[in-house]
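Sequence order for the protein chains is A and B.
Position in the first sequence (first residue = 1) + 1 = the numbering used here.
Position in the second sequence (first residue = 1) + 700 = the numbering used here.
Treat the hints as calculated values from the structure; they're not laboratory data.
Incorrect hints may have been included.
[Claimed, not checked] Non-contacting residues of chain A with respect to chain B, defined by C-beta distances greater than 10 Å in every case (computed):
hint, residue
1, Pro8
2, Trp15
3, Ala63
[Unchecked claim] The following residues of chain A were derived to be distant from chain B, with all beta-carbon distances above 12 Å:
hint, residue
4, Phe5
5, Leu9
6, Arg11
7, Leu12
8, Leu13
9, Leu14
10, Leu18
11, Ile19
12, Val53
13, Val62
14, Val64
15, Phe83
16, Ala88
[As the list claims (entries may be wrong)] Which stretches of chain A does chain B cover? Using the computed rule of at least three CB atoms under 8 Å from a CB of chain B, they are:
hint, region
17, 36-50
18, 74-81
19, 89-99
20, 118-124
Beta carbons are placed, not taken as given, at the ideal position from N, Cα and C, and that holds for glycine.
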Amino acid sequence: MRSFVPPLSRLLLWPSLIIALALWLKGGASVGGGFPAGAFAGLAVLLQYVTVGRDQARRYVAVRYAAPLAGVGLLLVVGTAFMPVLAGYAPMSLFPRPGQPELGAGGLHLHTALIFEGGLMLIVFGLVVTVIDRFALRTGTEEESGP
Amino acid sequence: MPILLPILLALACAPLAYVAGRWRTGAAAWTGALGALVALGALVHEWTTQGPSRLVLPWAPTWGLSLEFTRDGLSGLYAALALGVGALVVLYSRAYMPHHLAEEGRPARDEVRFQGLILAFMAAMVLLVTVDDLLLLFVALDLTTIISYLLIGFDREDPESRAAALLSLVLTGATSVVFFAGAMTLGLQYGTFSLPLVIERAAHDPASTGALVCLAVGALGKSAQVPFHFWLPRAMAAPTPVSSYLHSAAMVAAGVFLLQRLYPLFAPATEVRDGLLAIGFLSMGMGSLMALVADPFKRVLAYSTIAQYGYALVLVALGSEGAPLYVAAHAPCKAALFLTVGAITQVTGKKKLSEVSGLRHSLPVLAGASAIAAAGLSAVPLTEGFFKDEVFFAALVPKGPAFMAAGLVGAGMTLAYTLRLWWGLFGGPRQDVPAAPRLLVAPVVVLAGLILLGGLVPGLLVEPARAAAEAMRGEPSTLELAYHFDARPENLLAVGAWVLGALLFATRHAWTPALSRVLEAASRVGAERGYRLLLHQLDRLSTWLHEKEVRDLRDRVASVLVPTGLLGLAVLGVTPLRDRFKVGPVGWADVTLVMALAFASAAALATLRAKGHLRLVLLISCVGFSLAMVFAFAAAPDVALTSVLVETTFTLLFAGLLALLPEDRLRRAQEEAQKPRGRDRLAAGVAGASAFLLSWSALSHLHADRVGTRTVELAEIAHSPNVVAAVLTDFRGLDTVGEMSVVVAALLGVTSLLGLKKGRR
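With these hints in hand, go ahead and build the complete structure from the sequences.
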């Protein structure tokens, strides 16, 4: 009997990623933020690893390049924190500054905190996916070369 | 920012030389030397047109920290030395390194790396002499230490080179940490690190002896003075251009430079200066004696350097205005002699005095030029070296006959070992060797020309020497340099020294064997042996601690938890206890919270009796999930969401990790965990009690309402109605940056550890 789980989990990937993106974007205004978004996206990928296996899961570019994505995330985080220093602001100054008007509509507001949170998301996602991938790799090779 | 121009030019040399070296290997040296000369030109131009000045760049003004640079006599003199000798050494290396690299069996392209390092060292040295701030002084000092490690160990295939590099790194690094301690003490005592301010405040409130001793130790280590002297002869394992630069004009000069820069602090501390005086005389005597018997040429020069910096130290300790001049007059002579022996090693392949002789016939130009350098080193008239001994004697005369006698013997031995070296190389029965490449000889000739020029026209030296003495002592200098044909004590002492030196040289066959035996015996109880013993004991201590720590997993965990727990308890112990531990009210509204907490505690207790690792993981995640529930009840949906996600990820990954561990290892760990030992209970008790008490104390002091309302207000202003997000990204943003760096470090660890294991299979 074919299990309904693998096709279902494959269907679930994109909605989960969109929810993760939503968590990231509305983090400034309500429940959410970069950290849970990254963990959520990581869990979505974990589901793929468990149900369809490492090779299938690695079809996605974001999965193959998870560790470099974390590097990009760190650059975003550090950049948001220290770029303002070049313009003479204190480190970790976010824009628009308090009191300045901000752009945006509804739950979405353009703010440099979003870039920062995006960096957090990429780092957490990169960590979770890389750890999963390494575990899968190790268990996979063990089965092949095992007794 | 005119003061910075020479520094910036010096800093640009190494990268420019590297780029040029990528194009043609040979271009690196020429570019670097040109850069150094341009920087020297800028320095001289600024000095002659603008005179002394300072530059202060604020760095962290709230902490009173700034980057301060100065242009005064001292910085000008030493920077000119570093740049001028640096340029010549770089050119010399162009001729020396290809041969050296070929002998070591390394590609010729490595020369670019070498030139880059030499130039980087030059830049660090220029930085060191130009900064006017205790912290920057330390930073620049350590920069020179690190680059010198790379330079001394440049022949990385050679174990002796590597050991020498490590020894010099450990000694000069450890002493510069002591220097840092001294600098910090001064900074705390005077509330500033800016040198002029420190010196100004020290005029009313003298610096503490401890701080001064710390500063002096840093300087002595750098200048290879007793008892830290033994790294220098070892460091002769380096390629000769390194020795000729670092160990004549740059690295060893840094120590004496520091003492001169900080002299106003030392001036009132007579006891410290007396100590320095004793060390100076000791280094002088020891270095000279060793130089009289050493056989490898470079060792002779190394011991001579120890002795000569002993002289410089004596001058500083006596507060003589000739101290900067002494270093400046010594450096070109010593550099020229190092370059000479390097050239000889290259053409003959020999390294010891007993293996060569009579090279004057084959290498006449080198013989002549190095004769001038040797004359300069042993203070013969018509060379600038004459004046270094003149200021030395002038400083000793007022101190009385004992000091005069010591100076006379020291100067006599200098002449004796210099004669021995030069005669051993160029005198005696003729040996024929191939001619030396012109580029190898040219720097020696240039240096010899400068030494002669300084001796023939002493007026040229007067102004820089006076400016430097003024910067050192903070009062106008009246230093005079001229030849006097009369029976003043300085002249009599000089004549006495020459006679003594000539006598020692003439009778050398009579006393050399006895002296080498005595020195051999003395070296068994010397400082070097003490250093080795200390290192050995430290090594044993660290091994012992390591073995205690890694005996098994529980001990390893305990070695983290117990010190942390004790630290927490100590913190609680030293802070006042009033209202420390409060028990708050519990109402019916809190029932859900209490239930969730009870569930969490029950799960935590259950882990103690759990059998099987998977069950353990599930129980721990139960704790996490029930805490998430607590957050949800406490109206903190953001934290609850994150908790749930993190718990889920953690549980799944932990379960996955269990699949990676060997079965029997897991079973054994289970069995051990069921039988806790006494010390395990103790460790758990300490860690648990500390965590419990710290949390209780912290929660008793919450000003929840005040902090909460204020935070919500601020979050609105910061355009982030979500308070948690505002705290994470805005109020505590730098913390988050730090935490995220840790996460990325963990990621790198996972990648390399798990990837590596796979490769080993």
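Status of each hint after checking the structure:
no. : hint    : result
1   : Pro8    : holds (21 Å)
2   : Trp15   : holds (19 Å)
3   : Ala63   : holds (15 Å)
4   : Phe5    : holds (21 Å)
5   : Leu9    : holds (18 Å)
6   : Arg11   : holds (18 Å)
7   : Leu12   : holds (20 Å)
8   : Leu13   : holds (15 Å)
9   : Leu14   : holds (16 Å)
10  : Leu18   : holds (14 Å)
11  : Ile19   : holds (16 Å)
12  : Val53   : holds (16 Å)
13  : Val62   : holds (18 Å)
14  : Val64   : holds (15 Å)
15  : Phe83   : violated (8 Å)
16  : Ala88   : holds (16 Å)
17  : 36-50   : holds (count 7)
18  : 74-81   : holds (count 4)
19  : 89-99   : holds (count 5)
20  : 118-124 : holds (count 4)
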